[in-house]
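Chains as they are written, first to last, in UniProt numbering: chain A, 1 to 516; chain B, 1 to 427.
Rather than coming from a laboratory, the hints here were simulated on the basis of the structure. Do not take every clue at face value.
[Stated by the list, open to error] Per the computed footprint, the stretches of chain B lying under chain A, defined by three or more beta-carbons under 8 Å from a beta-carbon of chain A, are:
| hint | stretch |
| --- | --- |
| 1 | 14-21 |
| 2 | 57-69 |
| 3 | 73-79 |
| 4 | 84-91 |
| 5 | 115-127 |
Computed from a predicted model, the values in this text were never measured in an experiment. Ideal Cβ positions, reconstructed from N, Cα and C, are used throughout, including at glycine.
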Amino acid sequence: MTRRQPIATGSDWNFEILDAFEHEIARLADEYRLDTYPNQIEVITTEQMMDAYASVGMPVGYHHWSFGKQFLAVEQAYRRGQMGLAYELVINSDPCIAYLMEENTLMMQVLVMAHACYGHNSFFKGNYLFRTWTDASSIVDYLVFARKYISECEERHGVEAVEQLLDACHALQNYGVDRYKRPSPISAAEESRRQAEREAHLQAQVNMLWRTIPGQLPADALPGMVDQEDPLGLHGGGRYPPEPQENLLYFIEKNAPLLAPWQREVVRIVRKLAQYFYPQRQTQVMNEGWACFWHYTLMNRLFDEGLVDEGLMLEFLQSHTSVVQQPAFDSPYFSGINPYALGFAIFTDLKRICEAPTQEDREWFPDSAGSDWRETLEFAMKNFKDESFIQQFLSPKVMRDLKLFMVVDDDQEEMLEVAAIHDERGYRRIRDSLATQYALAVREPNIQIYAADIRGDRSLTLRHVQDSRRPLARSVYPVIRHLHQLWGFPIRLESVEDDEVVRRYHWPLAEEERRD
Amino acid sequence: MTYFIDRRANAKHKSAVNRQRFLDRYRTHIKRSVEEAVNRRSITDMERGEKVSIPTRDISEPVFQHGPGGKRTIVAPGNKEFVEGDRLRRPGGGGGGDGSGEGGASNQGEGMDEFAFTLSREEFLDFVFDGLELPHLERKNLVDLDEVRQVRAGVSRDGTPARINIVRSMREAQARRIAMRAPIRRALREAMEALAEEERKDPVLRNPARINALKEEIERLEKRLEAVPFIDTYDLRYNNLVDQPQPSSKAVMFCVMDVSGSMTQAHKDIAKRFFLLLYLFLERNYEKVELVFVRHHTAAKEVDEEEFFYSRETGGTIVSSALTLVDEIIEARYPSGQWNLYVAQASDGDNWDDDSVTCRKLLVERLMPRLQYFTYVEITPHAHQALWEEYERVEAEYDARFAMRQIVEAGDIYPVFRELFKRRAAF
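Construct the entire structure; sequences and hints are all you get.
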């Protein structure tokens, strides 16, 4: 390997230098066979970064007060110096948009390019969740459509009406995703074209559903006719919906009796965006770990080839170390497990297992030990989400390095119990428990639509499948109040554990309850 | 494939709409903070933003979550001395919200009781004016920081044709012509001399080739001399105008307030807004504004702002004492030729009966001739007393410079200044 002159020294940058570095990183990434979308790197100012932040990184977003709140919070924290703005923000789109902040030093810009433009970018393109649930090529167009549609609604129906609707939808957006079904791809042009059509169609569906309440049954409804007239099986007398529905917003969009067509469209927009963010919520550890692994690898290659000097490398190491640092549970800096640290540790260790396996590794990872590390890592990146990734690849060495231990917190016991530590007996249990900790199904209460009383008082019943006696937080009331706004009729929510209803919530509250 | 795009020149405030939405939504909370800030701050100190806190529970965006309780396992890093089976005391705070495994813990201020943010100066003033029900046109005038006037400032190389400075342009042109022609002239002169010398020689010795060459040279140089333009674009000079802050004179504002027992703190808070508005107005229009606080019950006294608004006094009311003091202060410190004088008086309308006539006389004879403007607010929901009636007679006499108004709440203040603000538009 020939050592070359550094491309640039010092901390100043300009576009030629960035271009030269980008070129070199691209060359190295290609050597490692990283498959990425084209990059669109945008240089922006601090204020623009805060703007981007506030809109959860969406390059265009519809207007809503909660984004304003986010902006104020970011701004406040930044002004007080509590928070350096994260130096990277990258959008899962094709081309992949990454932001570089004007104030960053040269090292930061190079680091962000390696981290975001090649790390995250290849993850977005490769990981199965992103491939299944998001459509990178159309997201920006869809956002533009959403923004335009919502601002039209604001003009026509008033800002307040739209805002309240969005509030209600946002409260339920985590329940606006089909977890097991591949959703149909979104496309802005298609959306616009079909939207009018859909409005009419949706309304017809809803009308059909609600027309069948008692007293309005057509007298001549013959049993033989029912199948065509009534594809939903309403006359069958069973529960509606026949199966519990996990996608609350979808159910609302299709079935809420009183929503106007434009309101259904807004519900749909929130639902589609929730779906777009769904993979990100499930791959935090992997995604950040992967990006950190690659920026670390690429930066070291740049240094080995002499393209960056020692000064820049030291600055990089300082920054990298603070990103992947994991404070201990009793440290004042502790705020949960750092996904960057965990992900980076697992990927780095996986590479070690491939290249220099120990006896322990051969027992634990017979398939990976001694294999080609590049292929093994690629496989790990592509086919897992946090939960299964940890379950599969968290090695005893990483558990020892991080000194992981497991505590059982049972409200029926006086004391907490240390159930497992990083030793031979504990590895598997810690790994199971940590994996579960990242499972969305465990992190978020499992709530599904159980029944819509379409023949009676039109109330909607939801079921919360309670696990390990963990109850719902008090926020359940504001949320079902929002749900009530969307549905328009009473909402009931039952917590069920072991087939027994253990707790009931309902909205609206009766008069005497309100006074409490 | 990679593109770099420089977005720095793009619009900055993409979130401005969202920010405004947020402020609108929590208007009542913010208003309360602003009101408190106005009561707390000095009236010379309204020109900065304000930190506002809203209880987190009021602005939370609810989602379904697990509450405390039940059985759960937590995996945490950094074990030092624990071994399997150890039993630990529950960390304080109850419910064990230590947040591990909470995933996206990047959200702001979870667990903080207050959501705090800073209003910008414009937003702050907007909320202040909101409380005062100030018309939008006036708001803009008060918020815009520098009223500027364009003044001549030398000449510059670029400008519009309307501002062309002919004398300077011609002078530049001449200078350029001299400079550009000098070397040509010199060469021409040399060529002429050479030619003359050549022609002076004996005809036999003349060199016809050289003469021809010199003649050609002379012709060429003469053409070049002609080609030097009479005036060129870079000769043009334009009159340069720069923006100069307009207020260039000084004003003094007398705040006169009745602090007798009948004035409650609520009265004083309204009065403060009244003074505040006048102050903001004067500050826009004068380079330097001095404040004089005069409070009075039966006797008047010049005090500082703190004492003016917050100290309590009891006793009766003799308004003329304050007016006399104002008059004395003007005599002693603010000669009316050099200072623009404004008086703002707030009272609940009480006065000794026979004193009101004295007040009118003082105003008409001593003060009004020297004042730019006199404003009076009577903060009371009750019927008027003698002072009001006497003042009405003053108003009849000095229609354009005397304004009075009965107010019950802050929203009533603005009309007192309507005339004053209107007058300013005609400046």
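Going down the list of hints, with the structure as the test:
1. Against chain A, the stretch 14-21 of chain B contributes 7 residues with a C-beta closer than 8 Å to a partner C-beta. That satisfies the three-residue criterion, and the hint holds.
2. Only residues whose C-beta sits within less than 8 Å of a C-beta in chain A count toward coverage, and the stretch 57-69 of chain B has 11 of them, enough to reach three; the restraint holds.
3. Here the stretch 73-79 of chain B counts 7 residues with a CB under 8 Å from a CB of chain A, which clears the bar of 3, and the coverage holds.
4. Coverage of the stretch 84-91 of chain B by chain A holds in this model, with 7 residues showing a Cβ closer than 8 Å to a Cβ of that chain against a need of three.
5. Residues of the stretch 115-127 of chain B lying with their CB closer than 8 Å to a CB of chain A number 4, which satisfies the three-residue condition for coverage.
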